[in-house]
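Q: Spelled out from the first residue to the last, the chains are:
There are 2 protein chains.
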Amino acid sequence: MSRVGVIGAGHGKFGRRSDATVQELAFEAFRMAMEDAGIEREVLDASVIAAVPEYHKQRSVAGVVQEYLNLNPRPTWLTEVACASGSAAIRTAWMAIQSGLHDVVAVIGCQKMTEMETAEILALMGRVGEVQWESIFGTTFPGYYAMFAQRHMHEFGTTHEQMLAVGVKNHHYGALNPNALFQKEITLEKALESEPVSSPFCVYDCCANADGAACLILANEEKARAISDKVVWLDGVGAATASMSVLRRPNLVGLPSAEEAARRAYQMAGVTARDIKVAEVHDCFTVAEIMAYEDLGFCRKGEGGRYIAERRSYIGGEVAVNVDGGLKSKGHPIGATGVSMAYEIVKQLRGESGKRQVPNAGVGLTHNVGGIGQYTFVHVFKRD
Amino acid sequence: MSRVGVIGAGHGKFGRRSDATVQELAFEAFRMAMEDAGIEREVLDASVIAAVPEYHKQRSVAGVVQEYLNLNPRPTWLTEVACASGSAAIRTAWMAIQSGLHDVVAVIGCQKMTEMETAEILALMGRVGEVQWESIFGTTFPGYYAMFAQRHMHEFGTTHEQMLAVGVKNHHYGALNPNALFQKEITLEKALESEPVSSPFCVYDCCANADGAACLILANEEKARAISDKVVWLDGVGAATASMSVLRRPNLVGLPSAEEAARRAYQMAGVTARDIKVAEVHDCFTVAEIMAYEDLGFCRKGEGGRYIAERRSYIGGEVAVNVDGGLKSKGHPIGATGVSMAYEIVKQLRGESGKRQVPNAGVGLTHNVGGIGQYTFVHVFKRD
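These protein sequence lines are chains X and V, in that order. Quick note: the first sequence, position 129, residue 129 per the working numbering, numbers continuous. Quick note: the second sequence, position 332, residue 332 per the working numbering, numbers continuous.
These aren't lab readings, by the way, just hints derived from the structure by calculation. As the structure is a prediction and not an experimental result, all values here were calculated from the model. For every residue, glycine included, the Cβ atom is placed at its ideal position computed from N, Cα and C. Check the hints yourself; a few may be wrong.
To be verified - Label pairs and their computed distance ranges (CB to CB): (1) X:Gly138 to V:Gly302: 54 to 60 Å; (2) X:Gln267 to V:Arg225: 26 to 32 Å; (3) X:Glu35 to V:Gly138: 38 to 44 Å; (4) V:Glu185 to X:Gln267: 33 to 39 Å; (5) X:Met147 to V:Glu185: 52 to 58 Å; (6) X:Glu115 to V:Lys190: 51 to 57 Å; (7) V:Asp19 to X:Glu40: 49 to 55 Å; (8) V:Phe137 to X:Asn360: 54 to 60 Å; (9) V:Ala123 to X:Glu303: 47 to 53 Å; (10) V:Ala123 to X:Gly270: 26 to 32 Å; (11) V:Ala123 to X:Lys184: 38 to 44 Å; (12) X:Gly297 to V:Arg16: 46 to 52 Å; (13) V:Met147 to X:Gly362: 52 to 58 Å.
Looking at chain X on its own, in the form it has when it is part of the complex:
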């Protein structure tokens, strides 16, 4: 079977981007990716846009981005699976290429979050939980993940300090990432003193809303090899779903969709968890990264707290995780996040990550969760 390769990657600054509309954010990342690939628009056959439309005044996001990028009349489509929209877009681009329908496809994840007030966003996000029987009782996203955290503490003795150690690591690396929203280190002491949000979480357990965009250019094997001498191969595109309602999940200490998506992606790419040297995981809340270590098989269930405490997810440890700062320090423009994760893995696998470079990063993955785990997408990337 032939492969799909990443031949270009671009990433704009994440943050409060009152200087740019969503299409301008998209263009910023697109231009960088096209320059990185060294191609002109003529080479492109189609685009896929990832965004969650309801946060924008401008709907029909795919159309407005397509026009601003001067890509008409090429086909476009938008994918939406909450915070995993970017990875779903990459997966449909993989399909488009592998099916023979298109040879070269641009994937653009873009989101403006700051057009709305935080309270309005929280209410809207609550509706991503099961409205009829669950989120109508007032569950918000921090509330949902705080339940995961409480249960993880109860079953495995995981501590809040271990969770905040995730935040400390991610801010450590985010301080080195010029695209990150927060480019500063934090200490465990400072994190523990931050304002409470939803027990056990305080502010430094939670990622921040941000505006931003990222872009990948994907191509079929023949064109990828012809165009680029630094192709990163997308060899596994795993996806899985789980119950919307956390009440119907088998437990609250992990995400069944993440375990299943990882199993599918590993199988497809012919790798195991032990092969992964660098990973971008969905740390929307600190406990989510701890659960990701376990769900992805980096350690056994229940050992995630110790995994971070022992710095096994730092550069130099077993798997370098979120060394771009993660959602926590980089910010979380929901439609862009999955593409942003893939951008970092591509740069790492090409050895272009400077001070944050993971040595010998031959195989990497992205782990992108939608909603409260009703969707997870795990993608595996390799160098030749």
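Using the hints provided, position chain V relative to the given structure of chain X.
A: What follows is chain V alone, placed relative to chain X:
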């Protein structure tokens, strides 16, 4: 190249469905499609959901449908390109199968429109036009299409009576469709007397918002032949885009995206406009069907008014168009519409349309427009 086949199709009642949530509407159509295919869930590998999320209280539509249909942990993704979301979903399902990633995929288009007030829907739809420079000045969907109508009248002498003849035809056939919102004939006289909306349009020029769902089961060629003896092949999946802003279009008498999508679909399927015997086209407003005749090549540009006046789009004419009632009489649950169109073509090509059956309908197409023509998807279906 191997083919992708439709092995099952289901369609619920369109209308004010206060009896059902969006997931219940989805299940209704899904169950019919699965029974039609004669398969159990075990055969399914994935689902694609088409919906425009912002009309629902419940967001994360893919997740809530996936759970209600008992399809976890299979992959799912949602596509959104405004009113063409259903056709985009079918196109990504085609890719998923043709790429070898999945063998059998369910496509479910579903939408609740009646949770909102009509004025709220109009305002929201206005944002599907270009917000920064255009729809901020108050353009609504009827207003946009009225501009197309005025220009068509000006350039070609098309009359309002000819436009309303589209409505008369579509109500004629809709009266025979038990799934249609309006199951009654109208006369040209009655239509002309209906309340004005946006000149030249009156009420009977405009389609109606509705709740509803439709479902297709697609399979790769091997599985399709093994499972079904009435496979309808999806041989062309054309898509194209055009400027969001109508001000930047070359003219206002047709949709460039529709012409380009048709060209791509015909080429892919190896057919021409002359081969098409039955078509479902996007008659959100009566003039849209007239422009579709022209954009699809059923007649030359400017002849669309005469085409309907001479009943060439009736059964027994050159191409039977919208013989399920079209958006006009059937109703327009925006995420469901593209899948509903495909349902009708599948039934027609299988010879199962009863009183509305088009004789010798060997090749059919769907023409599904998103927004004000920034997206068009044209799909070509064939029997062996």
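Q: Each hint: holds or not?
A: So, going through the hints one by one against the coordinates:
1. X:Gly138 to V:Gly302: 54 to 60 Å: 59 Å, holds
2. X:Gln267 to V:Arg225: 26 to 32 Å: 27 Å, holds
3. X:Glu35 to V:Gly138: 38 to 44 Å: Between X:Glu35 and V:Gly138, where Cβ atoms are some 39 Å apart, the hint holds.
4. V:Glu185 to X:Gln267: 33 to 39 Å: This hint is violated: roughly 57 Å between Cβ atoms.
5. X:Met147 to V:Glu185: 52 to 58 Å: Holds: the Cβ-Cβ distance is about 57 Å, inside 52 to 58 Å.
6. X:Glu115 to V:Lys190: 51 to 57 Å: 45 Å, violated
7. V:Asp19 to X:Glu40: 49 to 55 Å: 54 Å, holds
8. V:Phe137 to X:Asn360: 54 to 60 Å: With a Cβ separation near 57 Å, V:Phe137 and X:Asn360 satisfy 54 to 60 Å, so the hint holds.
9. V:Ala123 to X:Glu303: 47 to 53 Å: This hint holds: roughly 52 Å between Cβ atoms.
10. V:Ala123 to X:Gly270: 26 to 32 Å: Since the Cβ atoms of V:Ala123 and X:Gly270 sit about 51 Å apart, the hinted range of 26 to 32 Å is violated.
11. V:Ala123 to X:Lys184: 38 to 44 Å: 42 Å, holds
12. X:Gly297 to V:Arg16: 46 to 52 Å: At roughly 49 Å between Cβ atoms, V:Arg16 and X:Gly297 fall inside 46 to 52 Å, so the hint holds.
13. V:Met147 to X:Gly362: 52 to 58 Å: For V:Met147 and X:Gly362 the Cβ distance comes to about 57 Å; the hint holds.
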